[in-house]
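Following the hints, position chain F against chain V.
What follows is the residue order along each chain.
There are 2 protein chains.
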Amino acid sequence: MIVLASKSASRRAMLEAVGVEFEAQAADLDERALEAGMVGSPPDAIALALAEAKALAISGTTRLVLGSDSLVVVNGQRFDKPADRAEAARHLRLFSGKVMHLHSAAAIARGGKIVWRQAAEARLHVRTLSDPFIETYLDAEWPEVGHCVGVFRIEARGPQLFEQIEGDQFTVLGMPLLPVLGALRELGELPK
Amino acid sequence: MIVLASKSASRRAMLEAVGVEFEAQAADLDERALEAGMVGSPPDAIALALAEAKALAISGTTRLVLGSDSLVVVNGQRFDKPADRAEAARHLRLFSGKVMHLHSAAAIARGGKIVWRQAAEARLHVRTLSDPFIETYLDAEWPEVGHCVGVFRIEARGPQLFEQIEGDQFTVLGMPLLPVLGALRELGELPK
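Those protein sequence lines, which keep their order, are chains V and F. Each position in the first sequence, counted from 1, maps to that position plus 989 in my numbering. Each position in the second sequence, counted from 1, maps to that position plus 989 in my numbering.
Note that these hints are calculated values from the structure, not bench results. Where hints are given, some of them may not hold.
It does not matter which identical chain is used: a pair holds within one copy or between any two.
Stated by the list, open to error - Listed next, the in silico DSSO-like pairs over lysine-lysine satisfying Cα-Cα at most 27 angstroms (straight line):
no., residue 1, residue 2
1, Lys1181, Lys1102
2, Lys1087, Lys1181
3, Lys996, Lys1087
4, Lys1102, Lys1087
5, Lys1070, Lys1102
6, Lys1181, Lys1070
For reference, chain V alone in the conformation it holds in the complex (with noise of 0.2 angstroms):
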């Protein structure tokens, strides 16, 4: 049994669909305070910061804590989730002909130190999207997609802003699963 330090759907979901027992515990972070203070650091560094901060903020128990972060950047520029449908809109005219860079990265905390970090990265390459196609997809997804920085949900319509997608799904989804099994194999804690 593990502490998933998030409340994330799609990362609990993972956890769950291939069997790693965990509870989630929503870690207590200034996540803004953070990144106020890795300004023009690279996206990887700055995901990997705040999975480690995340699985650091959960204390008081000897197991093992994961923690992780995913963000996106297009053309440089690092994207939220949309506040409300018109700024996805605006995001997704944004998104439109270029690849969208998807970082993910998880970290393990066992007794309040890192034993474990990792970072990785999709490529999702967006097609032109027309304003037409824009405003039928978000009728489809809206409000379900303002929950997610990339405007899209693969599990849904999302494969429909794609021509093409660099990267594992579990990347895409918000959390590099693979190497998370692995290291919770090294450590004991899934037999090999």
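This is chain F only, laid out in the frame that chain V set:
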């Protein structure tokens, strides 16, 4: 509305999730006979020929017909679905520490002619699997993985088998969905 020349649950699920309207119709086809005539052909060519044959086997419709096929090759050897749990374990022992090549192909027919076809490959790096792990895995995954040529369900415990996956999730699930969506847009079936 298109016709999916397949009753495969994973292909149906992919089209449903992304919002493509279709009706599924199983192609009446002697796959073994077709393959027997292609012994020695590259896996991509065999998967493409089967996808085309499935699409062409549905007649009497003016709709676009989508056929798809996938096959698994490890160490140059083609693997079929395991007949029983003992064979599943044997396959997993053979996959251990190797690269699994998963070839997925799709073809679209209209009016009895193939108008589009494409194959894609995913490479799944299987980690070294211990015999106890294989038994524990099959305790959880048999008999469901009896329907899977690679002896894994990527949406369940399948990720436990792999240390790395190259290729997108749709290719892994048995149909190169992103190129299929691109073709359906070009053929006027989906909005751009």
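Quick rundown of the hints versus the structure:
Taking CA atoms no more than 27 angstroms apart as the test, Lys1181 paired with Lys1102 passes inside one copy only; the shortest distance there is 24 angstroms, against 50 angstroms between copies. Within a single copy, Lys1087 and Lys1181 get their C-alpha atoms only as close as 40 angstroms, which misses the 27 angstroms cut-off; across copies the closest is 16 angstroms, which meets it. In the homo-oligomer, the alpha carbons of Lys996 and Lys1087 never lie at most 27 angstroms apart, since the shortest distance is 30 angstroms inside one protomer and 35 angstroms across protomers. Taking the shortest Cα distances, Lys1102 and Lys1087 never come within 27 angstroms of each other, neither inside one copy (39 angstroms) nor across copies (35 angstroms).
In this assembly of identical chains, Lys1070 and Lys1102 lie within 27 angstroms of each other by CA distance neither inside one copy nor across copies; the values are 30 angstroms within and 45 angstroms between. In this homomeric assembly, Lys1181 and Lys1070 come within 27 angstroms of each other (Cα to Cα) only across copies, at 24 angstroms, whereas the closest approach inside a single copy is 38 angstroms.
Hints 3, 4 and 5, counting from the list given before, are not met by this structure.
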